[in-house]
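Chains as they are written, first to last, in this note's numbering: chain A, 1 to 464; chain B, 1 to 371.
To be clear, the hints were calculated from the coordinates, so they are not data collected in a lab. It cannot be assumed that every hint is accurate.
Claimed, not checked - As a list, the in silico DSS-like pairs of lysine-lysine whose alpha-carbon atoms are at most 30 Å apart: (1) A:K271 - A:K286; (2) A:K40 - B:K280; (3) A:K145 - B:K280; (4) A:K183 - A:K145.
Claimed, not checked - Stretch-level coverage of chain A by chain B, calculated; a stretch enters the list once three of its residues show a Cβ under 8 Å from a Cβ in chain B: (5) 41–53; (6) 130–142; (7) 249–257; (8) 303–317.
Predicted model only: the values in this text are computed from it and were never measured. Where is the CB? At the ideal position from N, CA and C, for every residue including glycine.
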Amino acid sequence: MDWDRVYDVLVVGGGNAALCAAVTARQAGASVLVLEHAPKAFRGGNSRHTRNLRAMHTAPTSVLTEQYLEDEYWDDLLRVTGGQTDEELARLTIRATAEALPFMEACGVRFQPSLTGTLNLSRTNAFFLGGGKALVNAYYATAEKLGVDILYDTEVVSLQLDDGFVRHAEIISRGFPRRVRAKTVVASSGGFQANLEWLKQGWGPAAENFLIRGTPYAKGRVLRNLLDQGVASVGDPTQCHAVAIDGRAPKFDGGIVTRLDCVPFSIVVNKHGERFYDEGEDVWPKRYAIWGRLVAQQPDQVAYAIIDSRSERLFMPSVFPAIKSDTIEGLAEKLGLDPAKLAETVRGFNAAAGHGSFDNSRLDGCHTEGLTPAKTNWARTIAVPPFSGYPLRPGITFTYLGVKVDRNARVLMDNGRPTANLFASGEIMAGSILGKGYLAGFGMSIGTVFGRIAGREAAKHARN
Amino acid sequence: MQETETTEEARRALEICNACRYCEGFCAVFPAMELRREFATGDLSYLANLCHNCKGCYYACQYAPPHEFGLNLPQTFAQLRAETYAEYAWPKPLGAVFQRNGTVVALISALGIALTLILTVLIQDPTVLYAAHEGPGAFYRVIPWWLMTTLAGGTFLYALLALAMGFRNFWRDTGSSLAGPAGPRPVATALHDILTLRNLGGGGHGCNDRDEAFSTQRRWFHHAMFYGFLLCFASTSVATVYDHVIGHPAPYPFWSLPVQLGTWGGVGLVVGTAGLIWLKVVSDQAPAARNLLGADYALLGLLCLTSLTGLLLLGLRGTGAMGVLLAIHLGIVLSLFLLLPYSKMVHGLYRSGALLRNAMERHAGHAPASD
Chain A
1 MDWDRVYDVL VVGGGNAALC AAVTARQAGA SVLVLEHAPK AFRGGNSRHT
51 RNLRAMHTAP TSVLTEQYLE DEYWDDLLRV TGGQTDEELA RLTIRATAEA
101 LPFMEACGVR FQPSLTGTLN LSRTNAFFLG GGKALVNAYY ATAEKLGVDI
151 LYDTEVVSLQ LDDGFVRHAE IISRGFPRRV RAKTVVASSG GFQANLEWLK
201 QGWGPAAENF LIRGTPYAKG RVLRNLLDQG VASVGDPTQC HAVAIDGRAP
251 KFDGGIVTRL DCVPFSIVVN KHGERFYDEG EDVWPKRYAI WGRLVAQQPD
301 QVAYAIIDSR SERLFMPSVF PAIKSDTIEG LAEKLGLDPA KLAETVRGFN
351 AAAGHGSFDN SRLDGCHTEG LTPAKTNWAR TIAVPPFSGY PLRPGITFTY
401 LGVKVDRNAR VLMDNGRPTA NLFASGEIMA GSILGKGYLA GFGMSIGTVF
451 GRIAGREAAK HARN
Chain B
1 MQETETTEEA RRALEICNAC RYCEGFCAVF PAMELRREFA TGDLSYLANL
51 CHNCKGCYYA CQYAPPHEFG LNLPQTFAQL RAETYAEYAW PKPLGAVFQR
101 NGTVVALISA LGIALTLILT VLIQDPTVLY AAHEGPGAFY RVIPWWLMTT
151 LAGGTFLYAL LALAMGFRNF WRDTGSSLAG PAGPRPVATA LHDILTLRNL
201 GGGGHGCNDR DEAFSTQRRW FHHAMFYGFL LCFASTSVAT VYDHVIGHPA
251 PYPFWSLPVQ LGTWGGVGLV VGTAGLIWLK VVSDQAPAAR NLLGADYALL
301 GLLCLTSLTG LLLLGLRGTG AMGVLLAIHL GIVLSLFLLL PYSKMVHGLY
351 RSGALLRNAM ERHAGHAPAS D
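Model the full structure from these sequences, guided by the hints.
Here it is in structure tokens:
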């Protein structure tokens, strides 16, 4: 490694957005260095855990059915964000997803028809064959073939900004502090969801009990560094996307298998054995994010979903087996709950439940009467042993705080002026477009689209 | 089959896979897995034998080592397959040969060659080995007709019986979920899957033959080997009919049907087995099951030797080298026949069975009874 070399483009990060930027810049003739914090085996950031990309299309393609037009896509985004978005950047992103698939295929990303799963997304989302890690592998292979230099185990500590111009990057590469210079820099180093200390600033000590669904390398170090140097921020600094997942998941990187879809057919109690929210408010894909927040607000950030044997097969299980017992009291003991209290909660629920006929395939209106909080759908009694329990914890997917960019992916300063040679793509700037909520496959859309824009603009700037 | 550490690990792996399902586009294993929530040992055996070891799922896996889940499905399945080979072997005690299969196959092959040479020398005048022989029945002047047919026919019929019993064991063990015989449509689907190696397609883009990159080399080498083997078998069958039915004994001229079939089949076998050995040598060892490499190399080597000595025999049959070469070639063929039920060769049997069961499941279009 020639540490004195001045690259045209330095890409900070190693996920989808970073690789799209690196490949695009290299294809435009720029020399490119990618710095990935993770070791090779864990490269790819949270892209490793993704599965699909939401793509606009005016006619059916090999992997997408019917059509999905700009206005419908925009409406979907508007609904989940409640208006916390930037229409210009959002529509630009949406339109560009129409050209994303051919680019991805040219980079060796392979798609599959969507087959199964709890969400039916075959019209709106293109599924990667083998998932996000296969996509990441394809991009790295393409980048290597094109002559992009890649350093793993290399963390960027600081980008030295001087009046909006990045002078150099301070890095730690395989344990050694180094300095790297480049004509332009693309920051694609993700959010700060794996930084528990930072999460505590928004959530207090409760954040200690959060599980991080994705990469442990998303510490937000570059994001913090840039914001501290006067770069404009977007997004609520305290907010993160949290879903309720199996409480037995590993602290980091548990990914998709820790999801738990049983809540609508269960009662959920906190560590005191008390219910705290309507479990049957809506279908699970529309409620799992709310439940992340709800569990985070409970004592010790833990809750327990309890079902009876009739509901065992109504949902996709998590990877961990259900905790079972023939009695509610026995189950409470295994879960570490007060047996008498849990039995009382279940008795109270059963006495109020069962108004209407149960049908797991739709919002059945089967509800409780005279119970607080009510359960408004699928309120069938918890009565047929064996009973199953699953612990729930908040699983953090991503954070919303980011740097502000313009339509050319150029990072903006607090005073509204553009930086001279700094671009951003991916989660580090996604808060501009997705300021709240979540839309399946849209993070990959933003990363791919803005990665390509950042790569193109950085290369153009460096070559001028 | 019985529970072992491997079945336990395979179950743990499949329970992770079944909660993830990102790999469902790769091959038949994952859609078959998704039909189940619990995995009995028979289900594990079925899925392990359905796996074509394309390794796509390993390189795509977010839970592969060094992730703490440490998922390595191709390796786990390969180890489990080896256990199923021992489990279903007939007669049962001979399942032990799958413990150190590379050594056993190599030893039996060496013994086969030695035995043929020794028997020839004992029964015949030793000089037949070195003299040139020509004309109809030349081969029988080296190894007498009765010996050749007794050994070849006897070992082959025994192998067929042992293979059939092994298949029966596999079918019973994995068949709890489906009743009744296979209909014509599942059989046709299974045949198509077997003959095209559809599941070595990685969803149409190739497999991870060597590493993260995709290729179709393994599929084509296997085709060369498989169809080469079939051509050689056809050659032997035609020659048997010529000799025993129409009284026209070998050797046959180069342009005759048996020699043409055997020559091209032999070439296919050499190319296919050499290619597969090369792929094994250069491929990433991380998803490989090291304890099975012996069995793999031994069978590939034996098949390669069978065809090489056959081709050499063809080339040199007019010279004094014919006698020794014939004895060696027949010794190897004898070993191959004997080892059919006790070598990696059985993978074809159980793979075909798993593909047939899979075709039945797909045509039935419903979850098995265990779900």
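Results of checking the hints against the structure:
Note on K271 of chain A and K286 of chain A: the hinted pairing holds, with a Cα-Cα distance of about 25 Å set against a maximum of 30 Å. Our distance criterion of 30 Å between C-alpha atoms is met by K40 of chain A and K280 of chain B, whose separation comes to about 24 Å. Taking the CA atoms of K145 of chain A and K280 of chain B, the gap is about 24 Å. The hint holds against a cut of 30 Å. Annotation: proposed proximity of K183 of chain A to K145 of chain A holds, straight-line Cα distance about 23 Å (limit 30 Å).
Given a C-beta distance limit of less than 8 Å, the hint that chain B covers the stretch 41–53 of chain A holds, as 5 residues qualify and 3 suffice. Look at the stretch 130–142 of chain A against chain B: 7 of its residues bring a Cβ nearer than 8 Å to a Cβ of that chain, three or more, so the hint holds. With 5 residues bearing a CB less than 8 Å from a CB of chain B, the stretch 249–257 of chain A meets the requirement of three and the coverage assertion stands. With a cut-off of 8 Å between beta carbons, the stretch 303–317 of chain A has 3 residues touching chain B; three or more are needed, and the interface restraint holds.
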